[in-house]
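Visitor: Sequence:
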Amino acid sequence: MIPSYGQDLYSVRNSIKFADYLFENGEYTFAAKEYYRLFIITDYSDSISTRFAKSMFLAKEYQELENALKKTYGAENIPCGISSYYAKSLIISSPGSLSGFWINNSACFDNEEKQYLKLSNLLLSHQYKDASTLYHTENDNTRVESYDQVIASIDNAKYKKVWLSVLFSSIIPGTGKAYCGYWKDGLFSFIMFGLSAWQAYSGFNRKGVNSVYGWVNGGLALAFYSGNIYGSIKAANHHNYSIDHQIYHEAEKVFLLPD
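Going by this note's numbering, 166 is the number at position 164 of the sequence shown; the sequence numbering is gapless.
By construction, these hints were calculated from the structure, which means they are not laboratory data. Incorrect hints may have been included.
Now the in silico label distances, taken between C-beta atoms and shown as ranges [said to hold, decoys possible]:
id, residue 1, residue 2, range
1, Gly76, Asn113, 17 to 27 Å
2, His247, Cys82, 47 to 57 Å
3, Thr144, Ile193, 34 to 44 Å
4, Glu78, Phe190, 55 to 65 Å
5, Val218, Val256, 55 to 65 Å
6, His247, Asp132, 12 to 22 Å
7, Asp45, Thr139, 41 to 51 Å
8, Glu114, His240, 32 to 42 Å
Mimicking SDA-like on lysine to any residue, the simulated pairs with C-alpha atoms at most 25 Å apart in a straight line are [unchecked claim]:
id, residue 1, residue 2
9, Lys186, Val211
10, Lys255, Asn158
11, Lys56, Ser13
In this text the structure is predicted, and so the values were computed from the model without any measurement. For glycine and all other residues, C-beta sits at the position ideal for the given N, C-alpha and C.
Given these sequences and hints, build the entire structure.
Guide: This is the structure in structure tokens:
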């Protein structure tokens with residue numbers, strides 16, 4: 003039986019039915035607003051707080067959920083019944099040391115769940131090496147098994163070394179980009195530098211150091227060579243960013259799966 007908390011019992015019941023209807027039809031944002039209103043007028047009822055937190059989470063209002071619960075209870079006093087939603091919202095909106103500290107100090111989770119949340123926090127804060135290390139120490143933790151493919155992606159990731167990309171391009175223009183997988187860009191850099199260098203050589207060969215044609219094309223060759231070095235740095239960084247970005251979204255997809 004739902005207490006009236008000074009409100010009309012029939013009205014509260016109808017409001018809950020309406021909020022439930024919105025939730026069941028996937029209108030999570032509107033359901034969350036209705037649950038929040040009920041949350042206030044029922045003096046923070048536990049059952050309403052759970053529905054409110056779940057609605058906000060499914061509506062992807064992570065920062066708003068974190069702020070609302072923190073404002074209502076204080077970060078140190080989040081009820082265990084909704085601590086999972088708070089932890090997940092915290093990890094998504096504020097991944098890193100803050101989330102890790104809260105998870106580590108919360109008494110609401112058993113060890114398996116705590117390690118799962120720690121692993122999730124590491125993954126969503128791009129701390130992939132630490133995440134892989136933690137995962138491999140949790141061999142008996144069935145909770146972290148959902149990240150099997152994500153960790154495999156981390157362990158098998160083929161990052162490119164920026165210094166090696168620069169070295170290749172400094173020796174043979176364009177090869178740094180090719181090393182990073184951008185063969186067309188690498189070929190373009192090689193051709194443009196080669197043509198400019200050849201035309202500069204041709205001009206100087208015909209008219210010596212006074213060749214305007216030679217100096218102009220020599221300047222172009224130098225510009226293409228410098229751009230080729232800069233481009234090799236960008237290519238390596240872009241390649242590595244693409245890997246990190248893919249791993250992040252794989253981890254986020256797993257993390258947001260329903261429990």
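Visitor: If you test the structure against every hint from before, which numbers come out violated?
Guide: Per hint list: 2, 3, 9 violated.
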